[in-house]
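Trainee: Using the sequences provided together with the hints, build the complete structure.
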Amino acid sequence: MDKYTVCESDAAEKLRLDAAAAKFFGISRARAQELIASGAITVNGKQREKKYLLSEGETVFIELPPERELEAVPQNIPIDIVYEDEHLLVVDKPRGMVVHPAAGNPDKTLVNALLFHCGGRLSSINGVIRPGIVHRIDKDTSGLLIVAKTDEAHRGLAEQIAEHSFVRKYEAIIGGHLREQSGTVDAPIGRHKTDRKKMAVTELNSKHAVTHWQVLSESAEYTHLELTLETGRTHQIRVHMSYIGHPVAGDTVYGNARYRLGMEGQCLFAKYISFIHPIDGRIMTFEAARPAYFSDALRRAGL
19 MDKYTVCESD AAEKLRLDAA AAKFFGISRA RAQELIASGA ITVNGKQREK
69 KYLLSEGETV FIELPPEREL EAVPQNIPID IVYEDEHLLV VDKPRGMVVH
119 PAAGNPDKTL VNALLFHCGG RLSSINGVIR PGIVHRIDKD TSGLLIVAKT
169 DEAHRGLAEQ IAEHSFVRKY EAIIGGHLRE QSGTVDAPIG RHKTDRKKMA
219 VTELNSKHAV THWQVLSESA EYTHLELTLE TGRTHQIRVH MSYIGHPVAG
269 DTVYGNARYR LGMEGQCLFA KYISFIHPID GRIMTFEAAR PAYFSDALRR
319 AGL
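Residues in the sequence shown are numbered consecutively from 19, following my numbering.
Every clue listed holds true.
Straight-line alpha carbon distances no greater than 30 angstroms define the calculated DSSO-like cross-link-like pairs of lysine-lysine that follow:
1) K215 - K225
2) K211 - K64
3) K68 - K215
4) K187 - K126
5) K225 - K21
6) K187 - K215
7) K215 - K41
8) K41 - K225
Rather than coming from a laboratory, the hints here were simulated on the basis of the structure.
This one's a predicted model, so the numbers in the text were calculated from it and none came from an experiment.
Mentor: Encoded structure:
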């Protein structure tokens, strides 16, 4: 069960329960009305009408019903396999492809393509919707992703990620200039307080998050960075860069309209990964070519 306590500014707006629930929990107003009618959204533990006006200090609770489990099916979708053996694959995911099925993206994902390519032989640790997926990158972030074929390989890779020995480097274009040529953002990330679809730097129900950055080049309005993840939280680079006042260019969720570069989606790609092969102990290192959309954005930014 999730909850949100109404603050003074919320109360000053005289928010109706349906509008407030949509705002607080990142759902549509129509969906909020359905949940209010079913008793899944309450105020101070009591069921209220959708028109109920909230007061400061009241707590809105939401208990979402369990979603129907999606089923990932094999689909013959071309994917760029950088490396493959009997235990794992390294894939260069294109921009615009979702990693695994979810509400709103039931198919045409990387998992659907992998199930076809591997004949269904992927690790089962993350269930039927995310078979083989050890770590993820966002839909509009392109680049390198490692996939486990066996549970043994999956466990070994997951241990390396947990121990921070799995190296992941990205390139990004951000708005503005940083004061130093390199640095670190060490700030915890958790779910946004009012927009449940977003993440934020927060001390509340958050996880430790560290991003290291280094300047590659600068222009009048933009900076080209290389970023290394010490941790791997959802939207980590995008949230951290926005937090320090230099959002990733093109980011329509955490960004600034001033830094669009004519793009809809963050100018960010996963260029490098290095890890120890979980079965035979070899050091595996891969670097992706800079994608065309990123090179075009560098030119438009004068970098």
